[in-house]
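**Student:** For the record, the sequence lines run as chains B and E. Here UniProt numbering is used: the first residue of the first sequence is 1, the next is one more, and so on. Here UniProt numbering is used: the first residue of the second sequence is 1, the next is one more, and so on.
Keep in mind that the hints were calculated from the coordinates and are not lab data. Among these hints, one or two may not hold up.
What the hints assert, rightly or not - A short list of chain E residues far from chain B (calculated; beta carbon distances all over 10 Å):
{"no.": "1", "residue": "LYS106"}
{"no.": "2", "residue": "LYS145"}
{"no.": "3", "residue": "ASP219"}
{"no.": "4", "residue": "GLU309"}
{"no.": "5", "residue": "ASN391"}
{"no.": "6", "residue": "GLY393"}
{"no.": "7", "residue": "ILE400"}
As the list claims (entries may be wrong) - Keeping only pairs whose Cα atoms sit at most 30 Å apart, straight-line, the calculated BS3-like set for lysine-lysine is:
{"no.": "8", "chain 1": "B", "residue 1": "LYS388", "chain 2": "E", "residue 2": "LYS169"}
{"no.": "9", "chain 1": "B", "residue 1": "LYS352", "chain 2": "E", "residue 2": "LYS257"}
{"no.": "10", "chain 1": "E", "residue 1": "LYS257", "chain 2": "E", "residue 2": "LYS337"}
{"no.": "11", "chain 1": "E", "residue 1": "LYS330", "chain 2": "B", "residue 2": "LYS388"}
{"no.": "12", "chain 1": "E", "residue 1": "LYS228", "chain 2": "B", "residue 2": "LYS337"}
{"no.": "13", "chain 1": "E", "residue 1": "LYS388", "chain 2": "E", "residue 2": "LYS371"}
{"no.": "14", "chain 1": "B", "residue 1": "LYS257", "chain 2": "B", "residue 2": "LYS111"}
{"no.": "15", "chain 1": "B", "residue 1": "LYS349", "chain 2": "E", "residue 2": "LYS371"}
{"no.": "16", "chain 1": "B", "residue 1": "LYS337", "chain 2": "E", "residue 2": "LYS330"}
{"no.": "17", "chain 1": "B", "residue 1": "LYS330", "chain 2": "E", "residue 2": "LYS349"}
{"no.": "18", "chain 1": "B", "residue 1": "LYS264", "chain 2": "B", "residue 2": "LYS388"}
{"no.": "19", "chain 1": "E", "residue 1": "LYS352", "chain 2": "E", "residue 2": "LYS330"}
By construction, the Cβ of each residue, glycine as well, lies at the ideal position given by its N, Cα and C atoms.
There are 2 protein chains.
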Amino acid sequence: MEAGPPGSARPAEPGPCLSGQRGADHTASASLQSVAGTEPGRHPQAVAAVLPAGGCGERMGVPTPKQFCPILERPLISYTLQALERVCWIKDIVVAVTGENMEVMKSIIQKYQHKRISLVEAGVTRHRSIFNGLKALAEDQINSKLSKPEVVIIHDAVRPFVEEGVLLKVVTAAKEHGCSDYDLEFGTECLQLALKYCCTKAKLVEGSTDLWKVTYKRDLYAAESIIKERISQEICVVMDTEEDNKHVGHLLEEVLKSELNHVKVTSEALGHAGRHLQQIILDQCYNFVCVNVTTSDFQETQKLLSMLEESNLCILYPVVVVSVHFLDFKLVPPSQKMENLMQIREFAKEVKERNILLYGLLISYPQDDQKLQESLRQGAIIIASLIKERNSGLIGQLLIA
Amino acid sequence: MEAGPPGSARPAEPGPCLSGQRGADHTASASLQSVAGTEPGRHPQAVAAVLPAGGCGERMGVPTPKQFCPILERPLISYTLQALERVCWIKDIVVAVTGENMEVMKSIIQKYQHKRISLVEAGVTRHRSIFNGLKALAEDQINSKLSKPEVVIIHDAVRPFVEEGVLLKVVTAAKEHGCSDYDLEFGTECLQLALKYCCTKAKLVEGSTDLWKVTYKRDLYAAESIIKERISQEICVVMDTEEDNKHVGHLLEEVLKSELNHVKVTSEALGHAGRHLQQIILDQCYNFVCVNVTTSDFQETQKLLSMLEESNLCILYPVVVVSVHFLDFKLVPPSQKMENLMQIREFAKEVKERNILLYGLLISYPQDDQKLQESLRQGAIIIASLIKERNSGLIGQLLIA
C-alpha cells in the first residue's frame, strides 16, 4: 500500500492524541460513524474523508493560510491530500475551503493531479466547514458523484504525514465503539458536532507521531526537512554500458555507499532502452547521478532527462540529477573543458520548468589510485550535499571535486 | 542586552507553559525561591540556573542524547548555555550531566568558551539531577566558587531559545507569589521537588514560544532552520576603495537589497584598516560578500578572512564568505581565469578549520546594462542560497552567475 516515497526512520511518539497540543488535535483521530455499521476487522465498504481547510493561519505569522504554505514549492495541503489518496479504500475526499481560496484549491488539484477530491465552501467556523463537508456526503442527489459513505474521517488539512495504519484504526474503532463520556469531557470539537448534528457515535483512538500538526513556522521548517530526508533515501548511479564507464561508475557507486550510510545506492545502465531504469523511476527514486566518463558532452544525461520528463516522477517532488564528468586534471586542465560543460546552465534552466534540479560535477581522475579515491570521496560529499539541500538557486552550476 | 544574533520574526505562541506538551514543560518556567526574598520589580542580587542534562534522549530516535545532538556542528546544549550566559544577572549556571558525559561537557564548555558554568553529577532521575545542582549551590564551603543564590531557575538543557524577558518574569514571580495548589494540581515535577527538599515557594508563570522543547528529531530540524534564519538576517558587502570597485560593488549591494527583502544589506570598505568593518564583525554579522572586481586574485578576500579569523565571531556560528569576481565573459572566457581562481579550494579548506565557509562566485560583467542587471540578479540568488543553506559540502566551489 506504500505508494509514497520510502518513509524515513522517525522516532515513536508515545501516547494518544490528547497528549498533543490542543483540543483540535483530537479531531485528527475522531471519526464519525453513521448508524449503519460495518463488520469488525474489515474496513468498511465506503469510507470518505472531510478536510476542513478554511483556516487563515493567524498563528503561523505569515500572510498565507498555513494549508497553502509551500514546502519544496508545493502547498502543504497537497501533501495531506497525497497521504489520503494513497489509501485505496478512501473513496471520496471532501475539502472545505473559503470562497476566496476556491480557485487556488482547484489549481492545486489540477497541477498535482489529485484524484477523488470534491470541494465545498468552508463555513465561518471549523464546525461549519466540517458540517458542510458531511452535508455534501449525506445528500442523496442523482447528480451527486459522491457515494454515501458508511464512515467519514475528519482530518486536518495541516497534518500531512498521516499514514494508512492510523486511518484504518480510526475506521475500525468507528465500528467497534460507541461514544464515551471520556471524549466529551475533553470537549473534542468535532465529536460534539457529530453528536449534535449527525446522530452518530464517536470515539477517540490513539494517534501516532505522523499526526503532528503544522501550526507554527517552525513546524513548516520541520516538515520540509522531513520531506527532504524521505526523498533522499535512494540514489541511482546511471552509466552507459562501455567497460571503462562502468568501471569508474562502479567506483563512484562504491564510494557513495561507504560515504552515505542509510542511503540506498543502486546503479543502472542507460542501454537497452533503460528498461530497468524505467522501473527505478516507477519505484520513485528521486536522485540520479549520471556518469559521462571521458566525454564532456551530455549525451547520457540528456537521455536520462528525457526519461524523467516523460515520467510523472517530478510532479510531486523535485528530482535531483547530477551530471558527473571525469577528467585527469594533470593531462587536461578543467578550464579546457569548461566552455563545453557550461552548456549545462541552459539545460538546467529548461528542466527546472519540469521540477528537475540539474547540477554538473567535474571529478578529477588522476592515475594515482589513492588520489582517485580521494577525489571520488570529495565528489560523493558534493553529491550528498546537493541531494540533501535540493537548492534550486544552484542549478546549472558546475562543481569540481 | 541582546548579545546574540538578531532574533527573526517568529509567530507568537499564546498561553502559559502548561499548554505545552507534557508535565516536564512546566519546569522551564517553574522557579525555586529560597526563604530570603527580594524587592519586587528589581531582579534579585544573586540568581543561579540549574540545567538537568542527564537525559539519554530515547524519544529522539538517535543514539546521541538530544542535549548533545549537533546543530550546525555545535551541540544543542551549547545554544542553551549561550542563551543563559547572555543574561548578565545570572551569576552561576550549574549543569548536571552523567559521569560518562562529564568529559564531553567539559570539552564543549572549553571549545565554545562558555562562562560561569559549574558541572555536577546527574542523578538517576531528573529530580535527583536538579537536587544535586541545588545542593552544589546551597553548600557553604569556603572552597566553593559558587555564590549562594537568592533565586534558582531550573531550565531544561533542551530549550535553546529561552530569552531574558521570560527568565526575568520567572525571577520576579519567585518573589511575588507563594506556592499555589494550582501548580501542585498539575503535578509539576520540580515544583514538588522544591517543596519537598528545599523548603521553598514556587509558582507557575507564563512562557513564550521560545520555550519550546527539543524532543523529537523534527524539533532538531526546526531548531537548525530557526538558527540558520537568525544568522542570515544581515549581509555585509565588502569592497576596497577604488572607484570602479565601489561602483560595481554598490550595484551588487542594490540588487541584493531588492532580491532579499527582510535581509539587512550593508557595505563597508576594507581600506583604512577596516575600522568600520571591525564594528560590523563585533555587531555579529555572519555573512560577507567580498568584491574583487577586475582582479582574479584574492587580496581583498584574504584581508577579510584574516580579520574574521582574528575575531571571535566564528566560535559560535559558521560565517559565510562569498568571494565575488567580475569578468566580461565576452572579452575574457571564464576558463582563462579558472586556474587562478581554483586556488579558492585551498583557502576554503584552511578557513573551514576556523568555522568559516568560503565560496567563490564569478559574475559575468557585460557592457550591456540590462545583461549586467540580469547577471547581478543571478549572482544575488546564488549568494542568497549559499547563506541560507550554509552547506559545508560545497565550500571552495567556484560558482558562476
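**Student:** Kindly indicate which numbered hints from before are broken by the structure, ordering the numbers from low to high.
**Tutor:** The structure breaks hints 3, 5, 6, 7, 8, 11, 12, 14, 19; every other hint is satisfied.
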